[in-house]
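Enquirer: Below are the chains, spelled out letter by letter.
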Amino acid sequence: MAKTIIKTVDLRKTYMQGRIPVEALREVNLEVREGEFLSVLGPSGSGKSTLLNLIGALDKPTGGKLFIENIDVSALNDNQLADLRIKIGFVFQFFNLIPRFTARENVELPMSIAGLSKGERRKRAEELLQMVGLASRMNHKPTELSGGEQQRVAIARALANNPRFLLMDEPTGNIDSKNAYEIIRLVKRLNEDKGVTIIMVTHDQQLAAEAKRIVYMLDGMIVRETVS
Amino acid sequence: MRIIDLFSYAFSAIKLRKLRAGLTTLGVVIGIAAIVALLSITQGLQVAISAQLQRGFATDTLIVAAGGGLGGVNEFNLLVKDAQTIKEMDNVTASIAVIQRICYIRMPNGQTRRVTVTGVDFAAYREIYSSAFAAEEGEIPLNPEDNAIVIGKQVSDPWGNGTILCRTGDTLEILWTNTTARPLRNETYVGRVAAVLREIGGFTIGGPSDNRIYIPISKAQSFFGTETCEMIIVKLRNDDRATIDSATKAIREALGGRVSVTSSTAILNIISSVFSTVELFLAGIAAISLLVAGIGIMNIMIVSVMERTREIGILKALGMKNHQVLLIFLCEAAIIGLLGTLIGIGAGWSLAQIVLRIFGSSDRVGIIRQGNRAAVSNGITITPVLTPTVILGALVFGLTVTMVFALYPAWKASKLKPVDALRYE
Chain A
1 MAKTIIKTVD LRKTYMQGRI PVEALREVNL EVREGEFLSV LGPSGSGKST LLNLIGALDK
61 PTGGKLFIEN IDVSALNDNQ LADLRIKIGF VFQFFNLIPR FTARENVELP MSIAGLSKGE
121 RRKRAEELLQ MVGLASRMNH KPTELSGGEQ QRVAIARALA NNPRFLLMDE PTGNIDSKNA
181 YEIIRLVKRL NEDKGVTIIM VTHDQQLAAE AKRIVYMLDG MIVRETVS
Chain B
1 MRIIDLFSYA FSAIKLRKLR AGLTTLGVVI GIAAIVALLS ITQGLQVAIS AQLQRGFATD
61 TLIVAAGGGL GGVNEFNLLV KDAQTIKEMD NVTASIAVIQ RICYIRMPNG QTRRVTVTGV
121 DFAAYREIYS SAFAAEEGEI PLNPEDNAIV IGKQVSDPWG NGTILCRTGD TLEILWTNTT
181 ARPLRNETYV GRVAAVLREI GGFTIGGPSD NRIYIPISKA QSFFGTETCE MIIVKLRNDD
241 RATIDSATKA IREALGGRVS VTSSTAILNI ISSVFSTVEL FLAGIAAISL LVAGIGIMNI
301 MIVSVMERTR EIGILKALGM KNHQVLLIFL CEAAIIGLLG TLIGIGAGWS LAQIVLRIFG
361 SSDRVGIIRQ GNRAAVSNGI TITPVLTPTV ILGALVFGLT VTMVFALYPA WKASKLKPVD
421 ALRYE
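Those protein sequences? They're chains A and B, same order as listed.
One point on numbering: in the working numbering, the residue at position 185 of the first sequence is 185, and numbering is uninterrupted.
One point on numbering: in the working numbering, the residue at position 416 of the second sequence is 416, and numbering is uninterrupted.
Same shape as in the complex, but just chain A:
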């Protein structure tokens, strides 16, 4: 059995909305193994994005424990969290590319943060863009690319530093259905051919069904789980 890379124990997150505390996550227990493709499905406000942000080390839990490769994330300081994020690939609904950079420069950025030399960065960025099918559009800026292309650049960027796992927050939420299909094919290929662990958050049942394992969330809790 593949080893566990993510484990949450009674994970809780409470937001303050003005003066009212909102419980976004209540005692979530989840275990993700290496090489898995997992969908987190739920309506908006169910806490699925919050869960993803916690796993992505973008936010700190209010209670409970989060282990990534047996490291207790809740005990890490800002710098250690930043180091951890280098090893996590994040794909956002709104792509979040840097508009003034070309596709290649956007893919290079995480490697630049990780301290790689210009030569290494360039080479790997080109390989990755080729892999996501954008070899001919490397020097285009995000505004010159379609939504689907932008998301593929974002996926290439997420893979730049050989992440331990890929987190996707509604990756097709902003893309037309034809391009969304292309994206999901790419994601499945990454998981099946390259063995990349993927956690994908969505409210789209059909999309979630592409994953082998689906976790259903409601009101900040995991209510059901299916494995195909």
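Keep in mind the hints are simulated off the structure, nothing from the lab.
Treat the hints loosely; a few may be bogus.
[Stated by the list, open to error] Computed spacing ranges between beta-carbons, pair by pair:
(1) B:295 <-> A:219: 46 to 54 Å
(2) B:358 <-> A:100: 38 to 46 Å
(3) A:65 <-> B:396: 47 to 55 Å
(4) A:140 <-> B:424: 24 to 32 Å
(5) A:100 <-> B:346: 25 to 33 Å
(6) B:22 <-> A:80: 37 to 45 Å
Glycine included, every Cβ here is placed at the ideal spot set by N, Cα and C.
We have chain A; now place chain B onto it with these hints.
Expert: What follows is chain B alone, placed relative to chain A:
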């Protein structure tokens, strides 16, 4: 992240908003240019004036005058023969008495003018002020014949345009009213111009001046009917502080403490300290404009951080550390600060040149004018002076101001929580 990558990232952000960055830089340019221009002008002025003073001052001289300083009733008279007493003291190589009276002179063309007539020992005076008491025309007689006189450049050429009123060999009449005689008596001294001095410029204390007439001391004594003198100029063996102090003390003691002894070096020091104060004051005013520029930088950067909140969120999500975010924003400020400071130094230097060109027609600036209204040529040349200290100081100051004002926005950016920053619209 490598430092070069931090810089190139910062640079790409600056390039994105060229006009804004340009205007921010302009603020720094103006501030630094003002400082550099003011400093190089005042330093140029100081150099020019000091040079002028040193020519007429001779740093190894002391000026002895009756009385304990400025003003007040003076019951003590300095005698011509006191010069001899002083000359015999230690460390003194020459000592000459100076008699001065304001007289009218009648030019060869019949015009009369008011000038100061000075009685000195030509040979000794020449020894002390060798560069200033030098003839342009004729020769200064060291053993003057009875009626030989030496005239300053302005007496000969009062408008500085070549209209010569009298030259070597001409005869001048010096008219003096003896106010101690009753009834008042008008005396006339007929002198033959033996030499016209080189132009000296500026002003001097004790030393030669452009608009005076010099007659031998013995003639001055008999013509003005006096044994007293206005001052005694003492030349010392050297201009060491110790020599100056001990000679000053000895002279004061010998003359019963009733005289003031002024060292030329001391005056020069006072003048340069006055200049330093003026310089500091002007630089302070200019620094305010740089401070305003600093506030502009802060303002722009706060806006920039707000606009780029989402970008900061992306960078953090990709693993950038807080201090790296801080450095990126500081790098942006540093680029603007460095660029602005470098351009500012150049602009300030050019500004100083232009200002001196405008205010000093053909580089000649009438700073100190003395004597009669015709003393137009009595100006000194000022060239702006830009020392390495000023350049370095401007660089350090310009960069420090930009960085200090950028610190708060940069810190604010670095403290943004990634999840909040990413959510920012």
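Enquirer: Each hint needs a verdict: does it hold in this structure or not?
Expert: Hints versus structure:
For the pair residue 295 (chain B) and residue 219 (chain A), the beta carbons lie near 49 Å from each other, so the given range of 46 to 54 Å is met. Between residue 358 (chain B) and residue 100 (chain A) the C-beta distance comes to about 44 Å, which sits within the given range of 38 to 46 Å. For residue 65 (chain A) and residue 396 (chain B), the Cβ-Cβ distance of about 51 Å falls inside the hinted range of 47 to 55 Å, so the restraint holds. Distance hint check: the CB atoms of residue 140 (chain A) and residue 424 (chain B) are about 26 Å apart, consistent with the given range 24 to 32 Å.
In this structure the supplied range 25 to 33 Å holds for residue 100 (chain A) paired with residue 346 (chain B), their Cβ-Cβ distance being about 30 Å. Restraint check, residue 22 (chain B) to residue 80 (chain A): a C-beta distance of roughly 40 Å satisfies the suggested window 37 to 45 Å.
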